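*Asks:* Protein chains in written order, with our numbering: chain A, 583 to 896; chain B, 40 to 482.
The hints are simulated quantities; they were obtained by calculation from the structure and are not laboratory data. Some hints here could point you the wrong way.
[As the list claims (entries may be wrong)] Cut-off 35 angstroms, straight-line C-alpha distance, at most; resulting in silico cross-link-like pairs (DSBU-like, lysine-lysine): (1) B:79 to B:114; (2) A:864 to B:114; (3) B:259 to A:862; (4) B:459 to B:79; (5) A:862 to B:393; (6) B:63 to B:259; (7) A:801 to B:313; (8) B:63 to A:893; (9) A:893 to B:182; (10) B:114 to A:893; (11) A:639 to A:657; (12) B:63 to A:862; (13) A:657 to A:592; (14) B:114 to B:301; (15) B:114 to A:815; (16) B:114 to A:862; (17) A:864 to B:366; (18) B:317 to A:893; (19) A:815 to B:177; (20) A:801 to B:63.
[What the hints assert, rightly or not] Anything over 10 angstroms on all C-beta distances counts as not near chain A; from chain B, calculated: (21) 81; (22) 83; (23) 108; (24) 216; (25) 221; (26) 228; (27) 233; (28) 292; (29) 402; (30) 459.
[To be verified] Partial pick of chain A residues on the chain B-facing surface, computed with a CB cut under 10 angstroms: (31) 599; (32) 618; (33) 621; (34) 622; (35) 731; (36) 733; (37) 859; (38) 863.
Remember, it's a predicted structure, so these values are computed and weren't measured experimentally. Glycine residues also receive a C-beta, built at the ideal position from the N, C-alpha and C atoms.
If you want the building blocks of each chain, they are given just below.
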Amino acid sequence: MPTITINGKKIEAPENTTILDAARENGIFIPTLCHNDGLIPYGGCRLCVVEVTQGGKTTVETSCTYPAEEGLVVKTDTERIRRARRVIIGLLMDRSPKPIVIQDLASEYGIMDRPTRFSIENEHCIRCGLCVRACREIVQARAISFAGMGFERKVTTPFNESSSDCIGCGTCELICPTRVIDMRDLPDAQEHNPGDHESIGPVRTLDNWNTEFKVKVCKECGNPFYPAQPLEKFRQAQNLQPEFFNACPSCRIPPHVDDELCLGCGGCVVNCPIGAILMKEKEVEQRSNIYPEICTGCHYCVDKCVVGAIKLEE
Amino acid sequence: MFDYDVIVVGCGPSGLMAVGELKKRGVNVLGIDMKTRLDKNFRSASGFFFDNQEFNGEFIRLEPMGDKTRIHYEKCGFSIDYPAPMESIFNTHMVSNSVVPYTIATTKVPIYHTFNPTTWLSARYQKALEYGSPFMTKTLVTKVKEIPGGVEVTMRKDGKRGKLTCKKLIAADGLQSRIAREMGFNRMRGSMGIGPTIEYEMVGVECPFPRGDIYLFGEKMIGQRGQIFMVPSPRGQDAYRVETAAQLPAIRNYQIIEHFTKQSPFAPWFKNAKVVEKSAAVVELITPIKVPYRGNIVLVGDGPSFAEVLYQGATMCGYMAAVTTEKELKGQKGFDEYTQWWNATFEWNVNPKKMGDYTKRFLFGRLLGTKTMDMLFELAAKYPLVAEEAKAGVYDFGAVVVNHLVSLPGVPPDIVEKLKFLRDADMGLMAAQLAKDAQALKK
């Protein structure tokens with residue numbers, strides 16, 4: 583375990599960690615914008631810069647990508663670092679002054695009323711790349727990426743067209759620090775044609791990526807709960823039965839087996855998508871036994887039972 | 040390094056055969072099953088045995104030996120004992136709404152023999168125990184994973200997880216095999232629908248027809264769309280197994296069998312009858328897997344097959360899997376040999392059209408309507424089928440019946456055409472025709 587010094591405090595950092603991880607682990611705050619624990623470090627926003635002294639030489643480095651090596655001396659809050667961060671935040675303020683995360687940082691570093699050198703562009707996206715990386719690393723859909731260069735750089739789908747790779751999961755909307763991604767769930771959408779319109783049921787739209795998804799309706803309660811496309815993708819990846827995602831999370835209650843009716847034929851055991859049903863002994867016979875802690879409540883077994891022994895209510 | 044040389048998942052007729060046969064050859068083997076006991080049949084099974092004829096690429100000869108029967112598999116080259124005599128069945132009946140039976144009968148060679156699946160299983164289980172095979176019951180295998188040189192098996196017992204490793208794995212976990220699904224084999228297979236079934240084994244049935252299996256269809260008797268099979272049971276001359284076939288939801292099967300035995304015109308048959316045993320199953324018609332192995336895992340029995348291999352086929356699969364797995368353990372290409380045997384033996388593998396032929400016998404009523412069938416059956420009663428040459432096996436049964444019905448005098452030409460269509464159609468044509476009929480009905 584390498585030992586490093588952060589702000590005069592000796593810290594034993596675990597193997598293969600970064601300075602940022604070691605600092606946060608020990609309660610030392612370093613501001614970040616493009617960092618997320620679930621993603622590979624990116625070093626895009628440069629807000630996490632720290633002073634690193636190694637072998638008598640002091641440099642300014644991004645702590646999210648710098649590995650914690652033996653004997654490092656790190657300072658996170660010197661005047662040099664504060665000056666560097668003020669420049670970064672100032673540039674972000676010039677381009678995107680509206681997002682609350684940027685305003686908070688600006689007021690903390692005292693540059694809210696700083697005279698600007700450029701005309702304010704008032705754009706929300708700060709190019710942190712969190713949405714692009716989440717789509718690639720977590721969802722593995724690769725629906726969006728950066729396009730263009732310099733100040734024209736922006737996040738978009740290929741050729742700005744509606745992307746067929748997007749599965750409508752909403753991870754990009756959830757992870758975006760500036761709330762620029764516009765995802766809406768419409769309870770009852772309508773398709774307008776000249777002189778005519780028809781209802782197409784619940785829909786999820788992602789305006790930034792020009793995509794629109796039909797939302798699955800729960801078989802039990804009739805409420806829309808999630809886009810059908812990602813559910814289908816997860817289902818195929820896990821080799822589950824077609825009916826697995828028919829019910830919404832709140833309707834997923836484990837059923838129970840009526841011992842008097844059950845024949846012990848095992849039809850439910852082989853049909854259970856995740857193996858939550860096992861057999862138990864009853865004298866010389868056997869009976870099905872649903873383990874409620876494993877059961878996901880898909881109710882696939884209910885209409886497969888020949889004698890109706892699997893019931894939803896007591 | 041590995042816990043076992045071979046793990047057999049699923050101990051039905053093929054799994055028990057494979058475990059016993061491997062242990063006899065000195066292989067370190069383990070049998071895993073979800074059931075609580077292995078010497079009893081819980082899932083409803085057909086219980087008939089086609090012998091003395093070429094069936095599924097095998098010629099089976101029965102040798103009665105007093106209170107037991109020796110079964111010789113002539114082509115695979117092995118014999119097993121069944122510890123009870125087997126009853127010969129000479130008749131097979133079909134009944135539509137008019138209650139006039141359509142009978143095919145033979146006098147010299149029986150159409151098939153009946154047996155008790157529980158007796159069969161317990162004989163195989165005892166044999167496997169004699170060789171000292173270990174078993175693990177109440178255990179569900181949830182996942183298999185290939186690791187270098189072997190297979191890792193994840194299982195669940197009493198709600199807890201466990202892991203075992205082996206060099207080769209035989210998956211004999213039956214129709215709707217979890218292992219076949221987990222490994223992604225089923226993605227390329229075409230499913231023709233799920234059909235649950237329930238079976239009552241009854242004694243004291245007063246059936247007026249000559250002893251044989253009876254296939255009944257028609258809404259009048261059943262109360263709704265569905266079919267009933269009555270197969271003679273070895274429990275006595277008045278014992279029958281009453282089975283249903285209907286579509287989802289499965290509870291319909293229960294309604295059908297209760298209606299049939301209590302309210303239908305056939306209820307007097309069951310006035311003094313007693314239910315001895317109840318069992319059920321969920322059957323899926325799904326196209327077979329052509330190469331039933333990957334890496335160190337081989338699929339045998341019902342799992343990779345079309346519909347069913349029957350007990351006789353499953354035993355054959357278990358034996359061949361044991362022989363070829365032993366070769367595979369020695370470094371030879373055993374699984375390739377198994378695949379060759381698999382594709383050259385079962386009729387639906389040799390000729391895919393047979394899959395359609397198998398389902399045709401259940402489609403008379405649906406395609407022609409019960410009224411037409413009543414008319415045809417009444418006509419056929421006057422001109423019964425000379426049955427000596429009619430080999431009514433599982434797969435050519437439909438064609439045999441159609442040939443007879445077409446040859447009857449006075450059948451209207453449009454019905455002759457429909458019957459010939461049924462005889463010659465493959466699955467695709469048939470599905471299209473049924474869909475068309477269903478649409479016409481709706482209008």
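*Asks:* It remains to establish, for every hint, whether it holds in the given structure.
*Replies:* Hint-by-hint comparison with the structure:
Distance check on the hinted pair: residue 79 of chain B and residue 114 of chain B sit about 29 angstroms apart at the alpha-carbon level, within 35 angstroms; holds. The straight-line distance between the Cα atoms of residue 864 of chain A and residue 114 of chain B is roughly 42 angstroms, outside the 35 angstroms bound, and the hint therefore fails. In summary, the hint linking residue 259 of chain B to residue 862 of chain A is not supported, as the alpha carbons are separated by about 39 angstroms, beyond the 35 angstroms threshold. Note on residue 459 of chain B and residue 79 of chain B: the hinted pairing is violated, with a Cα-Cα distance of about 43 angstroms set against a maximum of 35 angstroms.
At roughly 39 angstroms between alpha-carbon atoms, residue 862 of chain A and residue 393 of chain B are farther apart than 35 angstroms, so this suggested pair is violated. Distance restraint check for residue 63 of chain B and residue 259 of chain B: the Cα-Cα separation of roughly 54 angstroms exceeds the 35 angstroms cut-off, and the hinted pair is therefore not satisfied. Proximity of residue 801 of chain A to residue 313 of chain B is assessed by CA-CA distance (about 40 angstroms); at most 35 angstroms being required, the pair is judged violated. About 45 angstroms separates the Cα atoms of residue 63 of chain B and residue 893 of chain A, which puts this hinted pair outside 35 angstroms; it is violated.
In summary, the hint linking residue 893 of chain A to residue 182 of chain B is supported, as the alpha carbons are separated by about 27 angstroms, within the 35 angstroms threshold. Restraint check for residue 114 of chain B and residue 893 of chain A: the C-alpha separation of about 48 angstroms exceeds 35 angstroms, so the hint is violated. Distance restraint check for residue 639 of chain A and residue 657 of chain A: the Cα-Cα separation of roughly 13 angstroms lies within the 35 angstroms cut-off, and the hinted pair is therefore satisfied. This hinted pair checks out: residue 63 of chain B and residue 862 of chain A have alpha carbons roughly 31 angstroms apart, not beyond 35 angstroms.
At most 35 angstroms may separate the alpha-carbon atoms for a hinted pair to count; residue 657 of chain A and residue 592 of chain A meet this at roughly 12 angstroms. Proposed proximity of residue 114 of chain B and residue 301 of chain B is contradicted: the alpha carbons are some 46 angstroms apart, above 35 angstroms. Simply put, residue 114 of chain B and residue 815 of chain A have alpha-carbon atoms about 46 angstroms apart, too far for the 35 angstroms limit, and the pair is violated. Straight-line distance between C-alpha atoms of residue 114 of chain B and residue 862 of chain A comes to about 40 angstroms, which puts the hinted pair past the 35 angstroms bound.
In summary, the hint linking residue 864 of chain A to residue 366 of chain B is not supported, as the alpha carbons are separated by about 41 angstroms, beyond the 35 angstroms threshold. About 20 angstroms separates the Cα atoms of residue 317 of chain B and residue 893 of chain A, which keeps this hinted pair within 35 angstroms; it holds. Simply put, residue 815 of chain A and residue 177 of chain B have alpha-carbon atoms about 32 angstroms apart, close enough for the 35 angstroms limit, and the pair holds. As the CA atoms of residue 801 of chain A and residue 63 of chain B are separated by approximately 52 angstroms, the hinted pair breaks the 35 angstroms bound.
Non-interface call for residue 81 of chain B relative to chain A: violated, since the shortest CB-CB distance, roughly 5 angstroms, does not exceed 10 angstroms. Residue placement check: residue 83 of chain B does not keep its beta carbon more than 10 angstroms from all beta carbons of chain A (closest about 7 angstroms). Against the 10 angstroms criterion, residue 108 of chain B stays outside the reach of chain A, whose nearest CB is about 26 angstroms from its own CB. At roughly 8 angstroms from the closest C-beta of chain A, the C-beta of residue 216 of chain B falls inside 10 angstroms, breaking its exclusion from the interface.
With a least CB separation of 6 angstroms from chain A, residue 221 of chain B falls inside the 10 angstroms interface cut-off, contrary to its annotation. The non-interface label for residue 228 of chain B is consistent with chain A: the shortest C-beta to C-beta separation is roughly 12 angstroms, beyond 10 angstroms. Not every CB of chain A is more than 10 angstroms from the CB of residue 233 of chain B (nearest about 8 angstroms), against its label as outside the interface. Not every C-beta of chain A lies more than 10 angstroms from that of residue 292 of chain B, the closest at about 5 angstroms, which undercuts listing it as non-interface.
Residue-level check passed: residue 402 of chain B sits 22 angstroms from the nearest beta carbon of chain A, beyond 10 angstroms. Remark: the non-interface label on residue 459 of chain B is consistent with the geometry, its nearest Cβ contact in chain A lying 36 angstroms away (cut-off 10 angstroms). For residue 599 of chain A, the interface hint is violated, since its Cβ never comes within 10 angstroms of a Cβ in chain B; the closest pair sits about 31 angstroms apart. Annotation: interface hint on residue 618 of chain A violated; nearest CB of chain B at approximately 31 angstroms, more than 10 angstroms.
Interface hint at residue 621 of chain A: violated, since its Cβ lies 28 angstroms from the closest Cβ of chain B, which is beyond the 10 angstroms cut-off. Against a cut-off of 10 angstroms between C-beta atoms, the interface hint on residue 622 of chain A is violated, since the closest Cβ of chain B lies about 27 angstroms away. A least Cβ separation of about 42 angstroms between residue 731 of chain A and chain B goes past the 10 angstroms threshold, and the interface hint is therefore violated. For residue 733 of chain A, the suggested interface contact is broken, since its CB lies about 47 angstroms from the closest CB of chain B, more than 10 angstroms.
The restraint placing residue 859 of chain A at the interface with chain B holds, with a minimum CB-CB distance near 8 angstroms, inside the 10 angstroms limit. At a threshold of 10 angstroms, the smallest CB-CB gap from residue 863 of chain A to chain B is about 5 angstroms, leaving the interface hint in force.
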